[in-house]
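Asks: If you're matching them up, the sequences are chains A and B in order.
Residues 1 to 173, numbered by the working numbering, are exactly what the first sequence covers, in order.
Residues 1 to 181, numbered by the working numbering, are exactly what the second sequence covers, in order.
These are calculated hints, taken from the structure and not from any lab test.
Take these hints with a grain of salt, some might be off.
Stated by the list, open to error - Under the rule of at most 25 Å between Cα atoms (straight-line distance), these lysine to any residue pairs were calculated in the SDA-like manner: (1) B:Lys2 to A:Glu168; (2) B:Lys117 to A:Gly158; (3) A:Lys138 to B:Ser19; (4) B:Lys117 to B:Asp35; (5) A:Lys138 to B:Val101; (6) B:Lys117 to A:Thr50; (7) A:Lys138 to B:Lys2; (8) B:Lys117 to A:Glu91; (9) A:Lys54 to A:Glu91; (10) B:Lys2 to A:Gly158; (11) A:Lys138 to B:Gly52; (12) B:Lys117 to A:Cys128; (13) B:Lys2 to A:Lys54; (14) B:Lys33 to A:Glu168; (15) A:Lys54 to B:Ile123; (16) A:Lys138 to B:Phe120; (17) B:Lys117 to A:Lys54; (18) B:Lys2 to A:Pro163; (19) A:Lys138 to A:Cys128; (20) B:Lys2 to A:Ile165.
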Amino acid sequence: MATARTTQPAAGGAGKTREPVPREPAASAAIRPVRRGDLDQIIALDARVTGLEKRSYWQSLYRRYGLPAQAERQFLVAAAEGRVVGFVIGEVRDWEFGSPPCGWVFAIDVQPDSRLAGIGTNLLEAICAGFRRAGVRKVRTMLSRDNNLILSFFRSQGMMAGPFIPLEMELEH
Amino acid sequence: MKLQINTSLALYSVLEFASDPTRHISAAEIAEKYDVSPHHLAKVLSELARAGVVESVRGVGGGYRFAGNARRLTLMDVIEMFEELSLPESDRRDAGDLTPVGRALGVVLSEIDEIAKATFSSITFATMLRLIERQQRGVTPAPARGPDRAQAIARSGVQSPPIVPPEPGRRPRTASFAKRS
């Protein structure tokens with residue numbers, strides 16, 4: 001799963017640092033459900049951030065989360081001046097890992113040149129509004145602890161560490 | 001987990017300054033609020049000034065004011081001015097560390113180290129100020145301490161594979177909260 005970038009500035013660096021200038025007012029980026037015509041731009045955005053073009057992966061995500069519209073699954077984009085500048089994907093999951101139904105955000109990304117304008121915040125708020133409409137009252141996500149940028153973004157939105165610990169092991173041959 | 005006193009004082013101070021960057025605050029004012037020695041606090045503030053986080057203000061009133069960027073400055077940036085969250089490889093090799101038992105324990109301690117660092121490094125002072133505001137409004141949830149009763153009752157749910165990129169391999173390291181020399 002793509003671990004995405006956010007609109008928040010990277011944490012770190014003591015001392016004097018000039019406040020970065022927003023590139024694009026948040027109000028001009030509208031949040032709406034994804035359309036098939038958005039896919040090429042989403043694939044390009046993801047490729048720009050991750051360095052990998054995952055066309056079939058994104059087509060699969062579109063089929064699963066983009067259509068038909070469901071309260072439990074959401075694939076939203078932020079669009080400004082006819083251009084997709086960000087997206088967020090998530091769904092309600094029931095009883096997995098022993099948890100009552102809650103919303104999961106598993107991808108969020110904003111074009112690097114459109115960051116620092118509140119678009120990531122608006123995307124997250126929009127998907128959370130969808131989760132509330134679906135009847136859940138908690139949202140979770142999971143990401144690499146090395147991904148300081150995204151970690152800082154989610155924390156800036158009020159998210160704290162949850163009670164679950166991801167574990168893993170190598171499968172021996 | 002408990003931070004050393006100088007580290008805590010530094011964090012309290014930076015949060016006081018960052019909450020109103022235009023305001024000059026004296027060491028005495030912060031010392032009184034947190035019931036600490038002004039002399040002790042002055043040393044902490046001096047260190048913060050040396051790092052450019054605060055700057056002293058000359059003239060009437062004096063004191064210090066915030067000189068950093070609250071949206072970029074993280075808890076880790078300040079913590080590591082006053083203490084080491086883990087010692088470098090060469091500083092913690094004793095005979096026990098090199099045994100299979102020592103290496104296995106090192107893996108566990110390293111896990112704790114990495115989580116602590118990731119947490120501190122991902123929380124900016126701007127985020128902390130929002131957290132404080134939520135605490136004051138009484139809306140901040142308690143820290144996660146384990147599944148709630150409803151979750152415990154419903155624990156048998158189907159488990160999906162986690163959707164997360166694989167973690168890079170980690171070398172075992174010893175967790176140590178030693179004072180910086």
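Asks: Against this structure, judge whether each hint is valid.
Replies: Now for the hints, and whether the structure bears them out:
Only pairs whose Cα atoms come within 25 Å are accepted, and Lys2 of chain B paired with Glu168 of chain A is rejected, the gap being roughly 28 Å. Restraint check: the Cα-Cα separation between Lys117 of chain B and Gly158 of chain A comes to about 19 Å, which is no more than 25 Å; the hinted pair holds. Of the pairs offered as hints, the one joining Lys138 of chain A and Ser19 of chain B is violated, with about 29 Å between alpha carbons and a cut-off of 25 Å exceeded. With a CA separation close to 28 Å, the supplied pair Lys117 of chain B and Asp35 of chain B exceeds the 25 Å bound.
Among the hinted pairs, Lys138 of chain A with Val101 of chain B is inconsistent with the structure: their alpha-carbon atoms are about 41 Å apart, more than 25 Å. Taking the CA atoms of Lys117 of chain B and Thr50 of chain A, the gap is about 24 Å. The hint holds against a cut of 25 Å. For the suggested pair Lys138 of chain A and Lys2 of chain B, the alpha carbons sit about 29 Å apart, so the restraint of at most 25 Å is broken. For a cut-off of 25 Å, the pair hint linking Lys117 of chain B to Glu91 of chain A is broken: about 30 Å separates their Cα positions.
Between Lys54 of chain A and Glu91 of chain A, the direct Cα distance comes to roughly 21 Å. Compliance with the 25 Å bound is thereby established for this hinted pair. With a CA separation close to 23 Å, the supplied pair Lys2 of chain B and Gly158 of chain A stays within the 25 Å bound. Distance check on the hinted pair: Lys138 of chain A and Gly52 of chain B sit about 39 Å apart at the alpha-carbon level, beyond 25 Å; violated. For the proposed pair Lys117 of chain B and Cys128 of chain A, the alpha carbon gap of about 28 Å is over 25 Å, so the pair is violated.
A C-alpha spacing of about 44 Å is found between Lys2 of chain B and Lys54 of chain A, which places the hinted pair above 25 Å, so the restraint is violated. Taking the CA atoms of Lys33 of chain B and Glu168 of chain A, the gap is near 46 Å; set against the 25 Å cutoff, the hint is violated. A hinted pair counts as satisfied when its Cα atoms are at most 25 Å apart, and Lys54 of chain A with Ile123 of chain B does not qualify at roughly 31 Å. About 23 Å separates the Cα atoms of Lys138 of chain A and Phe120 of chain B, which keeps this hinted pair within 25 Å; it holds.
Between Lys117 of chain B and Lys54 of chain A, the direct Cα distance comes to roughly 32 Å. Violation of the 25 Å bound is thereby established for this hinted pair. Pair hint Lys2 of chain B plus Pro163 of chain A holds up; C-alpha atoms about 20 Å apart against a cutoff of 25 Å. Between the alpha carbons of Lys138 of chain A and Cys128 of chain A the distance comes to roughly 9 Å, so the proposed pair stays at or under 25 Å and holds. For the hint pairing Lys2 of chain B with Ile165 of chain A, the CA-to-CA distance comes to about 22 Å; that is within 25 Å, so the pair holds.
Hint check: violations occur at hints 1, 3, 4, 5, 7, 8, 11, 12, 13, 14, 15, 17; the rest are consistent with the structure.
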